[in-house]
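Build out the structure end to end from the sequences listed, making use of the hints.
There are 2 protein chains.
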Amino acid sequence: MSAKTTDTKQEILSIGRDLLKKVGYNAFSYSDISKQLNIKNAAVHYHYPTKEDLLADIVNNYIEDYKKLELGLANSNLKTVDKISVFADRYAHLIDMESICIIGSVASDFYTLPEAVKDKVVSLTNLVLGMVAKVLEKGRADGEIFFKEEAHTKALLIMTNLAAGVQLARITGKKDFESIRTALIDQLKK
Amino acid sequence: MSAKTTDTKQEILSIGRDLLKKVGYNAFSYSDISKQLNIKNAAVHYHYPTKEDLLADIVNNYIEDYKKLELGLANSNLKTVDKISVFADRYAHLIDMESICIIGSVASDFYTLPEAVKDKVVSLTNLVLGMVAKVLEKGRADGEIFFKEEAHTKALLIMTNLAAGVQLARITGKKDFESIRTALIDQLKK
DNA sequence: ATACTTACTTACTAATAAGTAAATAATATT
DNA sequence: AATATTATTTACTTATTAGTAAGTAAGTAT
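Which chain is which? The protein sequence lines are A and B, in order.
According to the working numbering, the stretch in the first sequence is residues 1 to 190, in order.
According to the working numbering, the stretch in the second sequence is residues 1 to 190, in order.
Fair warning: there could be bad hints in the mix.
To be verified - Derived lysine-lysine pairs resembling DSS-like cross-links, with alpha carbons at most 25 Å apart:
no.	chain 1	residue 1	chain 2	residue 2
1	A	Lys22	A	Lys68
2	A	Lys189	A	Lys79
3	B	Lys134	A	Lys175
4	A	Lys189	B	Lys189
5	A	Lys174	B	Lys118
Worth flagging that the hints you see were computed from the coordinates, not collected in a lab.
So this is what it looks like as structure tokens:
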């Protein structure tokens, strides 16, 4: 098992992930990737025969990432508000990367996605929403935060604020996102 | 001035608008439009020389629509909560049309949009956010609704909930949107 | 009736897309 | 050293895209 194989494939994955979040599934091509890596188009096809394969791997990769984050948060001794801030920080970082969250990206392109990938997107979305709901529920049980909705609903409210907040920041600027972030955290503190 | 001109151009605009909200700017072509109208590709170019021209007209069209809505709401005697519900209903309707809101659609594709259109998108977004903020501010002044954030921030919170809620509904289903909508309205009633 | 305008169609072009087959270079395995 | 295996290039194909140029049919204006 050579080192180079993994390197190039990983780099393709990484660039694909960035492009997906920056311009969306329909606006990037294998040529965009190959040019960045100074390799030929066909080399990208060697690692990911079809664009669908690449997309599937990107989504799988995010599922793994979020599972790790879930474990990390569970084993941390962060206060609930700070756990939610971890999510808010991730979304704030997307703005600086000229990106939006993958879920938002694939949701916008949903009706043009290969069927097999849609299922993975559903899994990823449920994973993320479930995580946030769990953090919220535990935080409320521990008396650290306050909200009157069901935990799942509150997770929906927070994540939609963040996801669309990042999208909106492209149009009206980052300060609108910061207003959202601040209001969000304040609400939890009651 | 013939009737047919207006008809075809209007239909192109309407189909373009639907496609933009369904699959996004980069995923539809003039061929998609011409096939639906049983005309040739070049006929679409006759009415809208470039895709940028079409996109610009779509955005302008939404600006007009929202200006009319603003007037309609100002002259109505709807309660504030019902005015906000008008927005929520519009977004709920998008789900049934397999669409997302234009602002979300163009935000996702923002870095692939022609420069000239970006400015129009900014205007549209400010128009919508301004409208909602105004409704909220007046509602609070009249003692009809309650919120502690600034009106602009509350408008951001509500509109991001709705916009991303519609996107999320593609993945997890419409009931998540309905949870958001209900929670949103409940919050205003305090 | 003639000229002009409008709304198209036919028939292209140039560029880019995704994807493939075959040859070749580089790296491991035995 | 010989042999696989892996990674990549070269050279395509097929399809689609946005866009254009030239022609035409029908209506409008003078």
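Against the structure, the hints come out as follows:
A C-alpha spacing of about 23 Å is found between A:Lys22 and A:Lys68, which places the hinted pair at or below 25 Å, so the restraint holds. Proximity of A:Lys189 to A:Lys79 is assessed by CA-CA distance (about 12 Å); at most 25 Å being required, the pair is judged to hold. Of the pairs offered as hints, the one joining B:Lys134 and A:Lys175 holds, with about 19 Å between alpha carbons and a cut-off of 25 Å not exceeded. A distance of roughly 20 Å separates the Cα atoms of A:Lys189 and B:Lys189; the hinted pair therefore holds under the 25 Å criterion.
Annotation: proposed proximity of A:Lys174 to B:Lys118 holds, straight-line Cα distance about 16 Å (limit 25 Å).
In this structure, every one of the numbered hints holds.
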